[in-house]
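**Q** Sequence:
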Amino acid sequence: MKDLSQNDLVAAAANLTRLRTWVTDLYPMCIEYEVAVFNALGSTKENGGWTNFVVNIFIDMAIGIASGAAFATGNPAVIPALACLSAFLHDWGLGKDKPDNLDETFAVFQFGHQKMQMAIEQRLSSLVDPQSNYANLTAAWSKTIDFNGGTYTIADLSTKHFPGLGDDYNNLQTAALTSFKKSLWNLVIMKTCTYYENYHTYIDLPKNWGELGRYAQNVFYKNYKGVYLRARYVGTDNDAQTDSFELIYWNLGIGGYAFPDAASNVLFMDDTPGHIINPDGLFNRSYVFEQFSMQKPDFSKGHELGSPSGEMFAANDDFNFTGGMFPGLIQKKGMAEPLMIPNHMMAVQDSGNQDS
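First residue of the sequence shown: 903, per my numbering; consecutive thereafter.
Hints in this document: simulated from the structure, not taken from any laboratory. Using N, Cα and C, we set each Cβ at its ideal position, and we do this for glycine too. Any given hint could be a false lead.
[What the hints assert, rightly or not] Keeping only pairs whose Cα atoms sit at most 25 Å apart, straight-line, the calculated PhoX-like set for lysine-lysine is:
hint, residue 1, residue 2
1, 1127, 1084
2, 1124, 1109
3, 1127, 1093
4, 1062, 1127
5, 1203, 1124
6, 1109, 1203
7, 1062, 1045
[Stated by the list, open to error] Distance windows between CB atoms, simulated:
hint, residue 1, residue 2, range
8, 1136, 1220, 44 to 52 Å
9, 1214, 1070, 44 to 52 Å
10, 1070, 1179, 54 to 62 Å
11, 1202, 1120, 22 to 30 Å
12, 1214, 1125, 52 to 60 Å
13, 934, 1120, 31 to 39 Å
14, 1213, 1141, 19 to 27 Å
Model the full structure from these sequences, guided by the hints.
**A** Put into C-alpha cells, the structure is as follows:
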C-alpha cells in the first residue's frame, strides 16, 4: 500500500464519517420495517407463533444492504466506503464480539439488530479517530478489500467522495432499504413459515386461447391473494367447447395458512408469471414460493402457468433452488420430503383451507 499523505487520510476519514451518518439514518427505517413485517405476517389466522426463528445472520443482511446499494446505484464514488463497511462486517469488529446464536423470538431479533448497529456505528467512529495520524484507520485497512468483484485500498477511499445529504444520498438510501426489505422477507418466510397444499379443484373454461390465465388473474387471485396457483390440463369437451383443468394451490404462511393481504400486497408484484399487478411489490410470486424454503419444494402435481402472451403452461416446470438471498441456510438434500400437513389442518383437508 502506498504511503498516504495527511490530506489523503483526512479525505478517507471524511468519507467514513459520511458513511456513518448514512448508516445511522438508515437504521430506524430498518427497525420500523421489521415491525411492519412481523405485524403483517402476524395477522395470519390462528398465528402459530414465531418458532424456529433463529437469527445469527444480521451480518449477512448488512452485507447484503451494502452490496445491494452499491449495485443498484451504480455510483463508483460510494464503492470504497461500502467496501470498508462490508469488510469489517465480515470480520465483525475484526473477529471480536460476534454475537452468539439468538433465541427464537422477535424481541431478541431486534436486540441483535440493535447490537449490530451499535457495533457498526462505534467501529466507524473508531476508524475516523485522528489520533496518531489516523492509526486505527491505517491499521484496520492495511490490505486490499474484495467487494462486489473488485478490490479496494484505503487510497481508493481517499480519492472518492461518499455523498452527503442530497439526491445521491437519497438514491443510495432507497437502494439499501429495498435490499434490506427483500432480505428480511426472505429470511422471515424461510425460518417461520410452512407450506400447505390445498385441496384440488376442477374447473371447466371456454375453449379459448389464454382462458386459464385470464381466469387465474381475474377470478382466482382476486379471491386468494396470498397463495400460489399451478394447474394441470385434464381434457376437452368438444360438444360444450370447454377445457377442463385441475387447479392446485399452495400456502406458505405462518402455520401453513395463506399470506395475509397485508403481506401479499407488499410481497408480490405479479399474480401469474409476467402479469404485473403491483409494480411496487418486492418479488415475483413464483420466486417466493420456489426459493424461500429450507428444502426445495415439490410442485410436481401442477404446471407453472405461462406468461400472458405465451403458452398455457411454462416450458419447464423445474427451477434452480437457491434459497434466495440465503443459500447457506438451505438443507442440501435434493428434493424436499413430502409436504407435511400441520396438525391443526388435518381436519380441513377435505374441505380445503381457503383463508387468505
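**Q** Does each hint fit the structure? Answer for all of them.
**A** Against the structure, the hints:
Restraint check: the Cα-Cα separation between residue 1127 and residue 1084 comes to about 19 Å, which is no more than 25 Å; the hinted pair holds. Annotation: proposed proximity of residue 1124 to residue 1109 holds, straight-line Cα distance about 22 Å (limit 25 Å). Between residue 1127 and residue 1093, the direct Cα distance comes to roughly 22 Å. Compliance with the 25 Å bound is thereby established for this hinted pair. Between the alpha carbons of residue 1062 and residue 1127 the distance comes to roughly 46 Å, so the proposed pair goes past 25 Å and is violated.
Taken as a hint, the residue 1203 and residue 1124 pair is honoured in the structure, with Cα atoms around 23 Å apart against an allowance of 25 Å. Only pairs whose Cα atoms come within 25 Å are accepted, and residue 1109 paired with residue 1203 is accepted, the gap being roughly 23 Å. With a C-alpha separation of about 18 Å, the suggested pairing of residue 1062 with residue 1045 holds against the 25 Å cut-off. Between residue 1136 and residue 1220 the beta carbon distance is about 22 Å. The supplied range of 44 to 52 Å is therefore violated.
A hinted range of 44 to 52 Å for the beta carbons of residue 1214 and residue 1070 is consistent with their spacing of about 46 Å. The hint said 54 to 62 Å for the Cβ distance between residue 1070 and residue 1179, and at roughly 32 Å that hint is violated. Between residue 1202 and residue 1120 the C-beta distance comes to about 27 Å, which sits within the given range of 22 to 30 Å. Between residue 1214 and residue 1125 the beta carbon distance is about 21 Å. The supplied range of 52 to 60 Å is therefore violated.
Evaluation of the 31 to 39 Å hint for residue 934 and residue 1120 yields a pass: the beta carbon distance comes to about 35 Å. Hint check: residue 1213 to residue 1141, Cβ distance near 25 Å, so the stated range 19 to 27 Å holds.
The structure shown violates the earlier hints numbered 4, 8, 10, 12.
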